[in-house]
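In the working numbering, the protein residues as written are 1 to 251.
Keep in mind that the hints are not guaranteed to be accurate.
As the list claims (entries may be wrong) - Have a look at the derived ranges for each label pair, beta carbon to beta carbon:
(1) A51 <-> K217: 12 to 20 angstroms
(2) I192 <-> D233: 50 to 58 angstroms
(3) K217 <-> P60: 27 to 35 angstroms
No lab work stands behind these hints: they were computed from the structure. We put the beta carbon where it would ideally sit given N, CA and C, even for glycine.
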Amino acid sequence: VGRYPVSAVERVEVLPEETSLSYGFSADQRVINFVLKPNITINALEGRVGAPEEGGSTTPRPSGQRLFVNGDTRISLDGEASFRPPILESERDIIFVGDPDVGRLRTVSSEQNNWNVGFSAGTEVFWGAVATVSGSFDRTNDTSFLGPDLTTEDTPLEQFQQTDDWNVGLSVVSALAPTTWNFTANHNVVDIDIDTDFNDLNENNDPVLFLRRTSAKRRVSEADFVVNSKLTDLAAGPLAVTGQVGVAGER
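Assemble the whole structure, with the sequences as input and the hints as a guide.
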């Protein structure tokens with residue numbers, strides 16, 4: 001819901017403490033209910049630009065979204081991109097003794113390009129329960145200049161990092177009843193690849209350009225199932241019991 005435009009929200013409700021218990025949370029937490037407008041279609045294109053008062057690195061951020069809501073049926077698709085140019089040491093008046101031009105081959109702030117897309121779809125599935133499937137993909141490319149390449153002296157050594165972040169989720173929430181239940185599951189994949197240029201000397205003591213490649217991977221999966229059942233009414237309020245089971249794994 002954090003990806004939905006504000007204009008799609010009809011009202012926001014902060015529900016009482018007992019609602020938190022029925023969803024498996026502690027008594028000192030609250031459930032916030034976002035009520036969407038019952039029938040709305042939104043197509044939006046936006047563009048933002050961020051820039052410092054001086055020194056470059058102007059960052060454009062175009063984005064777009066389509067949201068369709070019809071009762072319990074919701075379909076959303078959105079995307080955003082941002083492009084941040086690098087800031088060189090020479091642009092910040094950083095000068096090195098003996099080689100004043102090296103600043104144009106080093107970055108204070110790396111070049112960074114980011115693309116993000118997301119979707120969600122929700123509808124009633126059975127017995128009044130509403131299921132929501134969501135997913136997102138985020139790619140970030142980050143390029144830094146590390147100084148002059150000794151084999152050419154006019155081009156920089158570079159470090160390039162690409163980070164891919166995938167996330168898919170499923171939630172199913174039952175209709176309000178004396179016995180309610182909800183199921184949530186999520187799977188997250190993060191892949192990081194880093195290519196780094198560096199110079200070394202060969203057998204003739206001449207500089208040679210090499211490439212060092214490293215990578216890291218992370219997989220996280222989790223699922224929770226919560227059941228809450230109202231047993232009876234007491235003077236202080238309803239007596240209910242909550243059961244919760246979950247599983248999580250990471251590698």
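Going down the list of hints, with the structure as the test:
no.: 1; hint: A51 <-> K217: 12 to 20 angstroms; verdict: 36 angstroms, violated
no.: 2; hint: I192 <-> D233: 50 to 58 angstroms; verdict: 54 angstroms, holds
no.: 3; hint: K217 <-> P60: 27 to 35 angstroms; verdict: 31 angstroms, holds
The structure fails to meet hint 1 from the earlier list, while all remaining hints are met.
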